[in-house]
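Top to bottom, those sequences are chains A and B.
If you use this note's numbering, the first sequence closes out at 427, no skipped numbers anywhere.
If you use this note's numbering, the second sequence closes out at 231, no skipped numbers anywhere.
Some hints here could point you the wrong way.
[What the hints assert, rightly or not] Label pairs and their calculated CB-CB ranges:
1) D170/B x K351/A: 39 to 45 Å
2) E387/A x D154/B: 30 to 36 Å
3) H264/A x I75/B: 30 to 36 Å
4) A350/A x N73/B: 53 to 59 Å
5) D334/A x D154/B: 38 to 44 Å
6) L349/A x D154/B: 55 to 61 Å
7) D216/B x I221/A: 36 to 42 Å
None of these hints come from the bench; they were simulated from the model.
Each residue gets a CB set at the ideal place from its N, CA and C atoms; glycine is no exception.
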Amino acid sequence: IQIFEYNGSAVVAMVGKNCFAIASDRRLGVQLQTIATDFQRISKIHDHLFIGLSGVATDVQTLYQRLVFRHKLYQLREERDMKPETFASLVSAILYEKRFGPYLCQPVIAGLGEDDKPFICTMDSIGAKELAKDFVVSGTASESLYVWLMLALVFNKCFYFQEADELFETISQALLSSVDRDCLSGWGGHVYVVTPNEIKERILKGRMD
Amino acid sequence: MLTQLSTNQDPGEGIRDRSGGYIGGSQHHAPQKQRGQDHASRLSQARCCQRRARRPVEYVQKNVSLYKFRNGIPLTTAAAANFTRGELATALRKTPMAFSVDFLVSVMFMIFSTLIIDQNPYSVNILMAGYDNESGASLYYIDYIATLHKVDKGAFGYGSYFSLSTMDWHYRSDMSVEEAIELVDKCILEIRSRLVVAPPNFVIKIVDKDGARDYAWRQSVQDVATAAV
Numbered sequence: 219i220q221i222f223e224y225n226g227s228a229v230v231a232m233v234g235k236n237c238f239a240i241a242s243d244r245r246l247g248v249q250l251q252t253i254a255t256d257f258q259r260i261s262k263i264h265d266h267l268f269i270g271l272s273g274v275a276t277d278v279q280t281l282y283q284r285l286v287f288r289h290k291l292y293q294l295r296e297e298r299d300m301k302p303e304t305f306a307s308l309v310s311a312i313l314y315e316k317r318f319g320p321y322l323c324q325p326v327i328a329g330l331g332e333d334d335k336p337f338i339c340t341m342d343s344i345g346a347k348e349l350a351k352d353f354v355v356s357g358t359a360s361e362s363l364y365v366w367l368m369l370a371l372v373f374n375k376c377f378y379f380q381e382a383d384e385l386f387e388t389i390s391q392a393l394l395s396s397v398d399r400d401c402l403s404g405w406g407g408h409v410y411v412v413t414p415n416e417i418k419e420r421i422l423k424g425r426m427d
Numbered sequence: 003m004l005t006q007l008s009t010n011q012d013p014g015e016g017i018r019d020r021s022g023g024y025i026g027g028s029q030h031h032a033p034q035k036q037r038g039q040d041h042a043s044r045l046s047q048a049r050c051c052q053r054r055a056r057r058p059v060e061y062v063q064k065n066v067s068l069y070k071f072r073n074g075i076p077l078t079t080a081a082a083a084n085f086t087r088g089e090l091a092t093a094l095r096k097t098p099m100a101f102s103v104d105f106l107v108s109v110m111f112m113i114f115s116t117l118i119i120d121q122n123p124y125s126v127n128i129l130m131a132g133y134d135n136e137s138g139a140s141l142y143y144i145d146y147i148a149t150l151h152k153v154d155k156g157a158f159g160y161g162s163y164f165s166l167s168t169m170d171w172h173y174r175s176d177m178s179v180e181e182a183i184e185l186v187d188k189c190i191l192e193i194r195s196r197l198v199v200a201p202p203n204f205v206i207k208i209v210d211k212d213g214a215r216d217y218a219w220r221q222s223v224q225d226v227a228t229a230a231v
């Protein structure tokens, strides 16, 4: 069996004008069987930093618990929140620690850095960081997500000029269209749009199949 | 096999709190677990191996009781589920690994590594149901690879392909006990008619504010006295 396709997932993050959006699907499955339709793949680290984890659900949960622990320790020592770039390096280091027995998940990290400049990155399961200026994708639906978001880039304006509401539209449409072509992900969507002042969390209703 | 985690007896400090939890579990790959256990029983005189939990359900049971004795209040269902998940997740990556320099060396290492690494992954799927006074009833789905999820309805095994579909259609979150039993009976009927290797007997247990109790049996094969040979 393909281990990264065991539970099924789709995670995407996009950069906008002084904001970012991160979205995931909601299906938890065991190969062809759907167990739940309300699985949380995106977690908040702090108000301006979110991490979405795709891959095997058990490692998603374990890695999330480890990262929250490390961030809370950092908060106690440094008396401030971690910057997204720092957090990305932390995740990369934690993943590479397990180089020969890795956590089977691919994180997508999105945050607002200094001066509220949005930051996104993704990495593979052993911590190879991939920074991007516009969007990052992860999960079983990643190929369709790439296509949809590249098209949106080409035919519309670049994302980093889009305001929060327009960004929400773009990311939602891209997510729903992509998971419709992937049997292992879907059953709705979960979108967080984060601006310097607020976090908007929305549940998308898509094809429930 | 269904095991009761905690009873609704007083913990002894006069704190009246009632909760009951059940684990519904099914063995996944029994032979591999047995092998580890044999090693333990044979070698336990020679070395003091800490076999922490050959039977994970008993281990969780005793830890839940320990918490109650230490702290005076029972573990909530969510806490017990997360504890169980943590134990399974820790054991998941404790697999003996052999870096083979020489084939014989690596084989010997594999055999004796169960001495050094005193655990291997558990092969048990768990449905944990409990009732808390504050949050009502809840059900947790815990996979054998330590995937934890809070669900309204759950099933494991070959019968799950039929039961989950039946429950998807008929389940409502505001069902009464009688309606729930009807739904359970519908699932049992599906399993009996559709599953080639259907088990003959079923037990229905209920967990609510009055604790955990046997509700009914649905038996198609009863114990029959056989003539002595």
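Evaluation of the provided hints:
{"no.": "1", "hint": "D170/B x K351/A: 39 to 45 Å", "verdict": "holds, 43 Å"}
{"no.": "2", "hint": "E387/A x D154/B: 30 to 36 Å", "verdict": "holds, 32 Å"}
{"no.": "3", "hint": "H264/A x I75/B: 30 to 36 Å", "verdict": "holds, 31 Å"}
{"no.": "4", "hint": "A350/A x N73/B: 53 to 59 Å", "verdict": "violated, 48 Å"}
{"no.": "5", "hint": "D334/A x D154/B: 38 to 44 Å", "verdict": "holds, 40 Å"}
{"no.": "6", "hint": "L349/A x D154/B: 55 to 61 Å", "verdict": "violated, 41 Å"}
{"no.": "7", "hint": "D216/B x I221/A: 36 to 42 Å", "verdict": "holds, 40 Å"}
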